[in-house]
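Sequences and hints are given; from them, build the entire structure.
Here is what each chain is made of, one letter per residue.
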Amino acid sequence: MNEWFGLLGIVIASASILALRQPLVAILDSVLERLDSRFERQVWCRQSDTAMAVTLLFPGLGILAVFGFAPLIYALYISLFDTRAGAFAGPGNYVRAWHDPEFWGGIRVTIYYAIGTIPATLLLSFGVAWLLFRIGRGRGFFRTVYFLPYVTSAVAAATVWRVLLRPHSGYVNALMEALGLPTQLWLIEQRGVLHLLTNGWIGPEVGPSLALCCIIAFDIWHASGFGVVIFLAGLTAIPRELEEAAIVDGARPWQVMTRVVLPLLSPTVFFLAIVSAIKAFQAFNSFYALTNTARSTDTQNLVIYIYSQLYESQNYGYGATVAVCLCVAIVGLTLVQWRVLGRWVHYE
Amino acid sequence: MYRKLAGFTLLAVVITGCGVPGGPPDTQGTEGTGFRPVDANAALLWDRQTLETAELIGQIADEFNSSRNGMPVKVEHLGGYTDINRKVSVSIQARTLPAMAVGYESMTSEYARARAVVPLDPYIEDPEIGMSEEDLADFFPGMLQSNIYPQLDGGMYSFPFTKSVLMMYFNKRVLRAAGIESPPKTWDEFLAQCRQIKERTGVSAYAVDIDCSTLDGMIYSMGGELVRDTESLFDQPPTIRLFELLATLAKEDLAYRIQPGTYDDREEFARDRAAFFFRSSSHRPYTAALFGANTDDWGMAMIPQANPEAPVTVLYGGNICVFRTTQEHERTAWEFIKHFTSPEISVRWALGSGYLPIRKSAASHPDMQAFFEQWEFNRAAFDCLPYARPEPNLVGWQEVRTLVERAAAEVMNGLKEPAQAAEALKRQADAAIAAAR
Amino acid sequence: MRRHAVAYGLLSAGALLTVFPFVWMVVTAFKPDSEAGAMTLDLWPSAWQWENVTRTFQVAPFALYFYNTFAVAITVTLSVVATSLLAGYAFANLRFAAKNVLFLLVLATMMIPFEVALIPNFLIIRGLGWYNTYAALIIPWCANAFSIFLVRQAFLGLPKDYFDAARIDGCGHLRFLLRVAVPLVKPTLVTVALFAFLGSYNALMWPIIVTSDKDMRVVQYGLTVFWGEGGVRVNLLMCASAIVILPTVAIYFAAQRYFLESSLSAGIKG
Chain A
1 MNEWFGLLGI
11 VIASASILAL
21 RQPLVAILDS
31 VLERLDSRFE
41 RQVWCRQSDT
51 AMAVTLLFPG
61 LGILAVFGFA
71 PLIYALYISL
81 FDTRAGAFAG
91 PGNYVRAWHD
101 PEFWGGIRVT
111 IYYAIGTIPA
121 TLLLSFGVAW
131 LLFRIGRGRG
141 FFRTVYFLPY
151 VTSAVAAATV
161 WRVLLRPHSG
171 YVNALMEALG
181 LPTQLWLIEQ
191 RGVLHLLTNG
201 WIGPEVGPSL
211 ALCCIIAFDI
221 WHASGFGVVI
231 FLAGLTAIPR
241 ELEEAAIVDG
251 ARPWQVMTRV
261 VLPLLSPTVF
271 FLAIVSAIKA
281 FQAFNSFYAL
291 TNTARSTDTQ
301 NLVIYIYSQL
311 YESQNYGYGA
321 TVAVCLCVAI
331 VGLTLVQWRV
341 LGRWVHYE
Chain B
1001 MYRKLAGFTL
1011 LAVVITGCGV
1021 PGGPPDTQGT
1031 EGTGFRPVDA
1041 NAALLWDRQT
1051 LETAELIGQI
1061 ADEFNSSRNG
1071 MPVKVEHLGG
1081 YTDINRKVSV
1091 SIQARTLPAM
1101 AVGYESMTSE
1111 YARARAVVPL
1121 DPYIEDPEIG
1131 MSEEDLADFF
1141 PGMLQSNIYP
1151 QLDGGMYSFP
1161 FTKSVLMMYF
1171 NKRVLRAAGI
1181 ESPPKTWDEF
1191 LAQCRQIKER
1201 TGVSAYAVDI
1211 DCSTLDGMIY
1221 SMGGELVRDT
1231 ESLFDQPPTI
1241 RLFELLATLA
1251 KEDLAYRIQP
1261 GTYDDREEFA
1271 RDRAAFFFRS
1281 SSHRPYTAAL
1291 FGANTDDWGM
1301 AMIPQANPEA
1311 PVTVLYGGNI
1321 CVFRTTQEHE
1331 RTAWEFIKHF
1341 TSPEISVRWA
1351 LGSGYLPIRK
1361 SAASHPDMQA
1371 FFEQWEFNRA
1381 AFDCLPYARP
1391 EPNLVGWQEV
1401 RTLVERAAAE
1411 VMNGLKEPAQ
1421 AAEALKRQAD
1431 AAIAAAR
Chain C
2001 MRRHAVAYGL
2011 LSAGALLTVF
2021 PFVWMVVTAF
2031 KPDSEAGAMT
2041 LDLWPSAWQW
2051 ENVTRTFQVA
2061 PFALYFYNTF
2071 AVAITVTLSV
2081 VATSLLAGYA
2091 FANLRFAAKN
2101 VLFLLVLATM
2111 MIPFEVALIP
2121 NFLIIRGLGW
2131 YNTYAALIIP
2141 WCANAFSIFL
2151 VRQAFLGLPK
2161 DYFDAARIDG
2171 CGHLRFLLRV
2181 AVPLVKPTLV
2191 TVALFAFLGS
2201 YNALMWPIIV
2211 TSDKDMRVVQ
2221 YGLTVFWGEG
2231 GVRVNLLMCA
2241 SAIVILPTVA
2251 IYFAAQRYFL
2261 ESSLSAGIKG
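Protein chains in written order, with our numbering: chain A, 1 to 348; chain B, 1001 to 1437; chain C, 2001 to 2270.
FYI, nobody ran anything at the bench for these hints, they're computed from the structure.
One or more hints might be untrue.
What the hints assert, rightly or not - Lysine-lysine pairs mimicking DSS-like chemistry, simulated, CA-CA at most 30 Å apart:
#1 A:Lys279 x C:Lys2099
#2 A:Lys279 x B:Lys1251
#3 A:Lys279 x C:Lys2160
#4 B:Lys1251 x B:Lys1426
#5 B:Lys1198 x B:Lys1172
#6 B:Lys1172 x B:Lys1185
#7 C:Lys2186 x C:Lys2160
#8 B:Lys1251 x B:Lys1198
#9 C:Lys2160 x C:Lys2099
#10 B:Lys1087 x C:Lys2214
#11 B:Lys1172 x B:Lys1251
#12 B:Lys1087 x B:Lys1338
#13 C:Lys2160 x B:Lys1338
#14 B:Lys1426 x B:Lys1185
#15 B:Lys1198 x B:Lys1185
Shown next as C-alpha cells:
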C-alpha cells in the first residue's frame, strides 16, 4: 500500500509543478542569481572559477572518486599481496601471471573477441546507416528495429540466444538440419571454427572456438544498433552541398565516399573505435550469460578469469593483479588509438 | 596538480579501509572476532531451493519459528550452489554473513579456512540442545563422515542437510524400441546398450551433463579413488577408463553434451531423445512430472559399475554450515538444523522434495512405507544409500571441480586424448590443492 | 522507392535477422508446455496460451521486482543527469586549476572493468552500512565518466557567443547553465538519461551482491528464478524475458525522438 501513496505523491507533485510553472521559474531565477553573485564575490574567484567549479564538480566527482577511482587504487594495493597466504608478495603475483598459461589464454580470447567484434560492428553499422541515409521512407522504422537489441538487457537477450542455440534440440540446429547442414554444438563447441570449416585440416586449437564465435555474433547483434544510430547522426550532419558539389565535379560514388563522406565522418569513427575497444576489453555480460563461467578456457576472457579468481577461487590478490594488467592494456590501447587514429581524424 | 592527485589517492585509500588487503588478515582473526550478521534480528539461511521445494522449506521454517520464542529463521533464495558460494565469498571479505548457508563440502572447507564457520561439535555435545548417541547413530554414517574435515583439526564444520545420491535414469520406451529388457549393470553393458540403441532407433542414448559430482561418482564406480591424503588420483586407470568411455560415446555419437547449467538432459529424456541420464536422485519428482501418468515408461537404478558385486555411487547434495556471527544466531541456526534433520521433518522433506531422508529410521516411517509402495522405483535411491560415498572435502577441491569438468568436456569434444587429459588433470588438481594449503 | 530496391532488400533482410530472436521469444512465450521445448521449425503455437503471462507472474513476484527496479532506475537516471550536467558544464566552461588532470582522472575510471570494482565497492557499501538498502543500489551509479564526457562535449559544441552575450547581460554561471544552456543540450541529456536508465534497469550482478533480502530484488534477478533445478520451462522463461524487456523498449520509443537528433554526433567532435 505504501508504494501507492508514494506514486500518488509523485503525481500530485508533478501536477503542481506544472501548474505553478511561471512563479516557480521566477523564484528559481532569483535564487540562481543570488547564488551566482555569491560565487563571484569570492576573492579567489577573480582569476578563475574555482569556487564554482568545486561546487559543480563535487557531487559527480565525489561519487566517481569513491566508487570508480578508489577501487583502482585498492586493486593496485592488494595486487602486491598473496592474499591466500596473507603475506606481502611484492611483484610475486605479476611474475606468476607472466608464467600462467590461463592468463595468456585469457589475453588470447580477449584479442580474438576484440578482432571479431570491433571491425565487424563498425562496418556493419556503417553499412546499415549508409543505406538508411540513402533511402527516404522507412528510415525511422528500420533505425528503431536495428536499435532494438541494444536496449534489451544482455541477460534476457542471452537467455533467448541460449535456448535458440541449444546443442541437441535448439531452433538453430533444427534449421541447419532442414537446410541439410551438419548440426553444431554451438555454445559448448570448444574446437576452433577454422578446424570445423576446413573439415579438420587445421588443428582444433587454432583460432577462436565456435563457442567464442557465437558470443562474438551475439555481441555484434546486440551492439550494432548503437553504431547505426551514431553513424546516422553523423551522416545527417554532413552538409548535402558538399556531396552534391563533389558529384557535380564528376566524382564517382566511391570517390564521394572516400574523399568526402569518410573524412567528414572520421570523428564519429574515431569515437566509436575507442569506445568499442574499451567495451570489448571489458566484455563480461555476454560471456557470463551465454556460457557458464570458468567451465572452459576457450571462452574465458580476462575479465571472466579475473571474476573466477576473485569469486570462485577467492584469490583476491592475484585477481587484482590480472585486473591491473587489463587496465594497463586498456589505457595503452586507447593511447595508441588516440595517436594513430587521431592523426587521421579530420575536424572542420 | 600533484597535491590534488595525492589528495585523491589519500581519500581513496582511506575510504577503502586500507590495511586489510583481501582475505588474509581476516583469516588470522582470533576466536572472539565474529562476523557481523546480515540481519541482526533473524537467522538467515541462504538456500538454493526454488518453486515447490522452496515453499516447503519456507513452511518448515515458519512452523519452527512459531513453535518457539526467540530469533526467527528466514530462508532466502540466492540461486544455485555456485551463486551462493560466490556470494558467501564476497560476504566473508565484507565480514558480514548470514547465520547459515547450504553448500558442498568443498565450499565449507574454503569458508572454514577463512575461519568463518563454527565447528558444530560443541552444539552436538550440548546437554540441552545437543544430540544423543542414539540420535547420532540414526544418521547414515557416510553422511556425517563427509562433514568432518581432517585438514581442519577434524572438526565437524557442516551438517548433512539435503542429501541425495547419483542415479541412472532410464527411459523404458527407448529401451523397448531397441529391444532391451533391463538397464545395464556394468559399464561394458552400458556401452553395448548405447550402441544397440543407436543402431536400432537412431537415438543418441546418453544425454550428458558435465558435472563434477557425477564424474566423481563414475570414477568411484569404475573402481577408483579420487584422492589419497592430499594427492589426487586422476592419473589412475579408473579415470582413464571413464575418459575413454566418454570419448568413445562421443565419437560414435552415442552421447551428447547439454549446455552446462541447464536441465535439458531431463527434457530430452522425456521426449525419447535420450535413453539415459545421470543425475542426483532429487530429480525424481521433476522427471515424474514430465512423464505424468506413464509411470511404466521410465525408472531409476544404481549407476553401472566395473564390479556390480561391490557397487559404489556418489553421495552428494547440500550440507549446511553455520557462520561465526553472534551466539544467538549460531544457536538459532543449530536448533533449526536439528529441527530440520529430526526424523519427522526429515521424512516430510524427503517426501515433498526428491531428496533422501538422512536417517535410517525413516525407512520404517509409515509415510515412507506408503511412498515406497506407490511405485517400484521409489525405493531405488534409498537402496543405493549404503553404497554411496561422499566426495573429498579437501581445501582447494572447489577449484578441482572446475578442472574435472573442463577435462571431461575436452575429452568429449575430441580436444584431448583420454590418457593425456587424465594426466594433465592430475597435475593441475595437485597444483590447485597444494596452492590452497 | 524503386531506385532503392536493393537497399530496401538488404535492410529488410538485416532487420529480419535482428528481430528474429524477439519474434521467437514472443511466440514461444505463448506456446503450450508440450511445444515450447520441442525441436521443431514450427514458429506458430497450435493454440495461444495467454494464461502463460499469469503463470509467469506466479513464479516470481514481478510486481515487487518492477517496483524496486523502477524506484532505483528512475532515481539513478535523474541523478546521473544532474551530476553529469554540473560536472560537464564545469569541465567545458569554467576555468580552474588542474582541469585537464581532473578530466583525465574522470576518463580513467572508464578503464576499470566493473567486475574488478565489485569487491572494493562492496566493502565500501558494507562500511557505510548500506547493505540491503536502496542506497546501495542507487548511489554508486549516480555518476559516470561517459555521461560527464558526453555532456562536456555537448557544451563545447555550443557557440561561445551565447555565453558571452549572457555574461554581458549580467547572467552568472548557474543561471546561464540552468536557464539557457540546458534547453540547448536537451537531446544530449535525453541520451544520457536513456543510457543511465538502461544501465540501471539491466544491472544484475551488483544488485545480487549488495542485497539478499527478497524484498530488495530487481527484475533481472526474476529471470534467474526460472533456471532452478525444477527445470527450465522455456515458454515461461521467454514470457518473463519479454516482460522484462518490454519497459525498456517502451522507454526507448518514447525517448527516440530526441535520441535521433541526438547530438551524440555533435558531442563526438572535439
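Comparing the hints with the structure gives:
no.: 1; hint: A:Lys279 x C:Lys2099; result: holds (26 Å)
no.: 2; hint: A:Lys279 x B:Lys1251; result: violated (39 Å)
no.: 3; hint: A:Lys279 x C:Lys2160; result: violated (33 Å)
no.: 4; hint: B:Lys1251 x B:Lys1426; result: holds (24 Å)
no.: 5; hint: B:Lys1198 x B:Lys1172; result: holds (15 Å)
no.: 6; hint: B:Lys1172 x B:Lys1185; result: holds (15 Å)
no.: 7; hint: C:Lys2186 x C:Lys2160; result: holds (18 Å)
no.: 8; hint: B:Lys1251 x B:Lys1198; result: holds (13 Å)
no.: 9; hint: C:Lys2160 x C:Lys2099; result: holds (19 Å)
no.: 10; hint: B:Lys1087 x C:Lys2214; result: holds (15 Å)
no.: 11; hint: B:Lys1172 x B:Lys1251; result: holds (25 Å)
no.: 12; hint: B:Lys1087 x B:Lys1338; result: holds (25 Å)
no.: 13; hint: C:Lys2160 x B:Lys1338; result: violated (75 Å)
no.: 14; hint: B:Lys1426 x B:Lys1185; result: holds (28 Å)
no.: 15; hint: B:Lys1198 x B:Lys1185; result: holds (19 Å)
Against the hints set out earlier in the document, violations occur for numbers 2, 3 and 13.
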